[in-house]
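Student: Generate the whole structure from the sequences, applying the supplied hints.
Protein chains: 8
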Amino acid sequence: MTELRLDHQRRARTGVAEAVYAPGKSPTQCAEAVAGLREGPGDGPVLLTRAAPDQAAAAQARNPGALLTPTGADERGTPLSILSWDVPDASSGTVLVLTAGTGDLPVAREAAAVLTAYGHHAPLVADVGVAGLHRLLDHQQALAEADVVVVVAGMEGALASVAAGLTRAPVIAVPTSPGYGSALEGVTALLAMTASCSPGVTVVGIDNGFGAACAAGRILARREDRAPR
Amino acid sequence: MTELRLDHQRRARTGVAEAVYAPGKSPTQCAEAVAGLREGPGDGPVLLTRAAPDQAAAAQARNPGALLTPTGADERGTPLSILSWDVPDASSGTVLVLTAGTGDLPVAREAAAVLTAYGHHAPLVADVGVAGLHRLLDHQQALAEADVVVVVAGMEGALASVAAGLTRAPVIAVPTSPGYGSALEGVTALLAMTASCSPGVTVVGIDNGFGAACAAGRILARREDRAPR
Amino acid sequence: MTELRLDHQRRARTGVAEAVYAPGKSPTQCAEAVAGLREGPGDGPVLLTRAAPDQAAAAQARNPGALLTPTGADERGTPLSILSWDVPDASSGTVLVLTAGTGDLPVAREAAAVLTAYGHHAPLVADVGVAGLHRLLDHQQALAEADVVVVVAGMEGALASVAAGLTRAPVIAVPTSPGYGSALEGVTALLAMTASCSPGVTVVGIDNGFGAACAAGRILARREDRAPR
Amino acid sequence: MTELRLDHQRRARTGVAEAVYAPGKSPTQCAEAVAGLREGPGDGPVLLTRAAPDQAAAAQARNPGALLTPTGADERGTPLSILSWDVPDASSGTVLVLTAGTGDLPVAREAAAVLTAYGHHAPLVADVGVAGLHRLLDHQQALAEADVVVVVAGMEGALASVAAGLTRAPVIAVPTSPGYGSALEGVTALLAMTASCSPGVTVVGIDNGFGAACAAGRILARREDRAPR
Amino acid sequence: MTELRLDHQRRARTGVAEAVYAPGKSPTQCAEAVAGLREGPGDGPVLLTRAAPDQAAAAQARNPGALLTPTGADERGTPLSILSWDVPDASSGTVLVLTAGTGDLPVAREAAAVLTAYGHHAPLVADVGVAGLHRLLDHQQALAEADVVVVVAGMEGALASVAAGLTRAPVIAVPTSPGYGSALEGVTALLAMTASCSPGVTVVGIDNGFGAACAAGRILARREDRAPR
Amino acid sequence: MTELRLDHQRRARTGVAEAVYAPGKSPTQCAEAVAGLREGPGDGPVLLTRAAPDQAAAAQARNPGALLTPTGADERGTPLSILSWDVPDASSGTVLVLTAGTGDLPVAREAAAVLTAYGHHAPLVADVGVAGLHRLLDHQQALAEADVVVVVAGMEGALASVAAGLTRAPVIAVPTSPGYGSALEGVTALLAMTASCSPGVTVVGIDNGFGAACAAGRILARREDRAPR
Amino acid sequence: MTELRLDHQRRARTGVAEAVYAPGKSPTQCAEAVAGLREGPGDGPVLLTRAAPDQAAAAQARNPGALLTPTGADERGTPLSILSWDVPDASSGTVLVLTAGTGDLPVAREAAAVLTAYGHHAPLVADVGVAGLHRLLDHQQALAEADVVVVVAGMEGALASVAAGLTRAPVIAVPTSPGYGSALEGVTALLAMTASCSPGVTVVGIDNGFGAACAAGRILARREDRAPR
Amino acid sequence: MTELRLDHQRRARTGVAEAVYAPGKSPTQCAEAVAGLREGPGDGPVLLTRAAPDQAAAAQARNPGALLTPTGADERGTPLSILSWDVPDASSGTVLVLTAGTGDLPVAREAAAVLTAYGHHAPLVADVGVAGLHRLLDHQQALAEADVVVVVAGMEGALASVAAGLTRAPVIAVPTSPGYGSALEGVTALLAMTASCSPGVTVVGIDNGFGAACAAGRILARREDRAPR
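Chains as they are written, first to last, in UniProt numbering: chain L, 1 to 229; chain C, 1 to 229; chain P, 1 to 229; chain A, 1 to 229; chain X, 1 to 229; chain Y, 1 to 229; chain G, 1 to 229; chain R, 1 to 229.
These are computed hints drawn from the structure, not numbers from a lab. Hints are not guaranteed to be accurate.
[Claimed, not checked] Selected chain X positions facing chain G (in silico; Cβ < 7 angstroms):
| no. | residue |
| --- | --- |
| 1 | Tyr180 |
| 2 | Gly181 |
| 3 | Ser182 |
For each residue, glycine too, the CB sits at the ideal point set by N, CA and C.
Tutor: Structural data, given as structure tokens:
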């Protein structure tokens, strides 16, 4: 009845490709959406996010050459992956992705995979929550040198404030929903991060690793636009 | 018509005296409530909290010998104080009171003054918010040695998690309401502190410096109960 | 790809061991995390919390000698347990754990098991909700004598306020999520407990029996640090 | 332009007279509204609630014979009163009004005054909060004998649950907004009271002492309707 | 380990028997809890609420003579019932139970079954939501004559306000969670009912049909206590 | 520095003129903004909403010929008005504006004044809250005949659902913030109205009488566009 | 026990037929409810909404001649449909239904199907979210010409504000719950849409496509009532 | 008693100077804090934000050479300004600051003034809300060319999503609190912006124009760090 309306020019207009969000789509729909975007006039990478195994398989069969990164599992235990096609050569940019706890890894992996698909270097340092400061302080050099820092944290989200105090780089915080009780499915971290006492922390939506990567990508892309050639 | 119902035995029963909360009471009511508590069978200190100048003056005129500590001001700018009578000799306990920012000082001063009234040592270290970690790390020794740590912080309340990672002492967190916007009048800090990733942080109500001091007092009083004589 | 980052020195630094939180980890990951912590330089107990049968079995196979305590079941009915290794000799401390209703038992059992793992005595008195005061009043002696009281309650959480009025001991309240409707999955009890009219009540996060036990453990550990030898 | 639309038959239809709520009305409007209701076909009492001095004076000048009860003050410190006209002879019913703290008195006084205006006996027992249980237990006889119990409490509102465990009478709880921080202007008490673990507690809106009195009045009026003559 | 702590004297003390809430209990635990209450000193009815078929069967096998009323189903589609034993002879009281929509029936049936178990007459009139006023107006006589009215409604809960305008009887409102979206699982109805513009409406917790029945039972029991003999 | 950016073509594009919202603007800014809109290419009415006396005076001095309607007062008691210029000849449309209580009048008057400024007939019927249904039923004919019905109500907002059950006309509900406690400054009414059980009720923002009038205006304007000529 | 209470005259009274909401009803109950409404005195269409395959089959077997429209799937993946009987001849009205993303399609399809059942023309334009404005601007003509515009959007719901700036038609916004994290199951979009800066946007409840269609239907029906014949 | 603890090295460490937040400080405290920061080892600009006239005057008397920018007024009407000292020579960076409405200007002016103090070019384009898209589209070139875009918007905050669709630059959104009712003092905009459908939008706290400027400053400073020399 109604068809997928693709936005081929998005990358030209905003520097961000339209990713295909797999949940709720049939394997065939995933495969066709990826193909449609790849066949369009854009020349950037194409992404399929939060894909279950059958969705990933269909998309890969129809569109060979994907880079697949497992991220985690949905609430029913189905393993999820992110796939990317047409990845450009590596840029000179480095985005350091930090997580506070192991529950934050799926979101962090999604962010790192998206950044990789855009050609950036995206090292992931996990489990550096503020309850054991020394784990974070061991990475001070990396913090100081990163072009952008993405902080993925749930519960009270304090890692964003602390990390931002240790770097001159832009800091993008991603509140996550894992955790129980007072974490309120990420709302606590969202509020805490937007109330950060460290000036210059910015925040994206709960569990939105994709959005954090796009924001970091905008920063690096613009820098490249501006670089003298 | 109805009269103040005093609870003279509370200190014997719970180790906590019934403080008189000044807001909403006339100067005379404040003065009489203090007198009533002092004349009762209890033998501990008596407190008058959040007293405006006229309330403090009336209470002091009727009950000489008070120790008065200015804490801050209410939302109309009226200066507020906490007064204490019948303060016992100093105990051997030390409660370190930390604040993240200057807006947290009135609550922290109330906590410290209540602790002092109970005979404890209560040093206050202000402005050690996590955006500049070194300010907190300068006090690691004091953190390590304190019997109890009270952390007073608003905004995202991250100081509680970080401080708890640096001490073996019990940590009592007080969320505060100053700050604007996403601080949501202390609700953000309350949620964040109860979702702390540092195990063993406990929390009292928003702006409840008095409650934090009572909780610390319970810990120290019980320790004294248990000490071999 | 990313590995578990263990925090071996946490117990030395904070008096609290890093427990392994089982949900979301594979049986093998649980087993290895426990082994990693036990093999590290720390000398305190090691915990595996909220473990399903397969996780518990794998951890026990890899790490013999565990003490296993059933706590309850997750929302799908899978029975959960808490396991501990390297439990020290019993301390002289007693933490009284109270529950308001039967729905609070899993959280209370977790708190008691963690306290036991730390070497404390942790008697559990269940079903003493305030709708039938005499049930609580029957335990006034135990309340008066405990070193610390942990109150586990959902719904309106009134037990914390009432119990705190009957003891000089520190009171740590744990709001719980069971119950339906207006209990709002524990948020009602969390708010009510932090607004307690009994001075000196402190609160941990919803369903965080582990955190309450750690807080009680900090109080008792510090007392032991301070005891004359 | 638009005029006050009075509902003269409300008492006949529902057993509850339409009270005039003073805030936001001019003194003259208050006076005329009272007069209009008294001149209508109903024969019950007429009430003017939360009246400032100028509103009360105008209403009394236009409508002699009022019973005036001071209740408290609004947030600007203006003293407020409730006025009643055409009070019937006393009924045989007794409604016990309890408050947890002194901040609850204005709402409790309003409830008691409305009940008195309907001809009921409404003793008010203040300051029996659960932090000092013995204060409440001193009134067990009154609780046991009351026809209806109205519990007025803010903060965590635990008094409703405890009182309901001590009586066979219907219990109507009124959450109040005084208090600061985690009391959330009465929302905490509202949630806690509707989540009460004591079966048979019912709740009215925040600070709605008038509504609680009307509910108690409905219970007693119906009983009188049913009484054999 | 811990055992069920029964409260045999509750009915004597509060006029309300302790019902056994089945969810989370094994069939055997349900059966034993019912038996324990029946064998105690109390003489009132004993209830088992929200029982699944296996729980109901076990309880009936161990305790013959139950009255079983189907109420609805849980979120997994398991049919639920309420069972009662030792039902007294019918009282003279009538509690009219109204529902706004068909989704409110399980809660309403629970309320009616509890009332029946206490010996009251509890007619249930369903589907009289305010979108079609005439459906409600057809029952004006029953509203006028009832001793108590229980209104069970979700969504915006307007039926409580409208019904209270049509009767002199006490009105107890039960917000329900069925419905989607803006109903917010009953929170919308809870807030709306406690903000009712009809004076004298009281409210119990979301989906708490049991509590509403207990509240109505208190009203009728007290009336019988007071009746001349 | 920055200047007011006027949107002259809005009426042509959307059928709605850009009103000047007075709060926060100086009298001169109000006067100039009105003048700027009137001098632009649009030909519809120009509005100044929520104007204090000094703002109204300045705007009238600079722009003679205004129609001024008092609406109410702001929270400091300053009387507010709405002013309109260039009002077209009356249309054939009738929008019935209903209010539940007297506190809803300022918002209702604003809605009616805006509708009048657009040339519609906007009778206002006040105080027809559902606690006294007969007051509303007296206006059934007007409800049945109106082209659009605007329902302005606070507290639980039940009037919207009831009114929508009595008419075939589109019903636009405006939640209002007056009221105290459980009304939560209009949030309760907003949620309740969007959860209405009467199909076809639509809702605008809290206190947004202006928006309701614009919505009604869109309905009538479109009908006129479509009318055969 | 209790039976379905049908409201046959609703269409005559309000212009809206009582639809049968399938969730929670047995296939037979669905079939009988449809039959009951069709056999009643009303002459409008009859709807069965959110029907699972077994419910749809039973209803069609008992009531031949239905128009069935698939809408989407429930959270367990069961495909859902809307069925309509006795659809009138097409009216002259056109309601343009817009969606921001593919997740909004089930709600949009429900709205369109209900409108079709009422005889209106209801073109659906999907995937015109504001992140790619040109997709919406491509439909400016359709926006300008529609009689009513229904905007179905989740996440931040910005499409409603933007669309309302591009048309003179009434705009009815439907917030939807799909999306994760900060979308808060539709609450974010609900709040944002009711706070729209575009005057004249009205809102229905979360996911209430049925309600939006009824609101549009009221507008068009009234226009037809008023049209000269 | 306690003194201001300055963080002289913050700029070296994070690229952000510690600004002095004036509210709650005496004029002398403001003056001394500024002097202290200027006399420290840092070499960047020093800021005094939200200063009332007496605070600004004292700071200027003690610290000549300030650049003062009026921003707006606090809720009591006191005019507020931002002052900066030691402003560096202009950088090559351009941050475009957009506002949706006039109520957003104080926050936008604060952001622009902070950016100017850091040496960036910060043009402010006001009143380009999405209700009149053409106003925004007139600035497409500026959007396309900016290095960073800061979007300041209240109400539903839709401007952030729309603007992000029109540029490749990083977009930082600032939700604002002005507006009434459903704007919920900025919470609606905060939620909506973090739920933006435009990938790559990041968000700071409500009314936190200072934070947005710091975030933009981090982006530009890092770019300069990285530039070849």
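Student: Taking the least C-beta to C-beta distance, is Ser182 of chain X closer than 7 angstroms to chain G?
Tutor: holds, 4 angstroms
Student: Do the numbers back the hint for Tyr180 of chain X, that is, is its least Cβ distance to chain G under 7 angstroms?
Tutor: holds, 6 angstroms
Student: With a cut-off of 7 angstroms on the beta carbons, see whether Gly181 of chain X makes it to chain G.
Tutor: This interface hint holds because 3 angstroms falls under the 7 angstroms limit.
Checked against the numbered hints given earlier, the structure satisfies every one of them.
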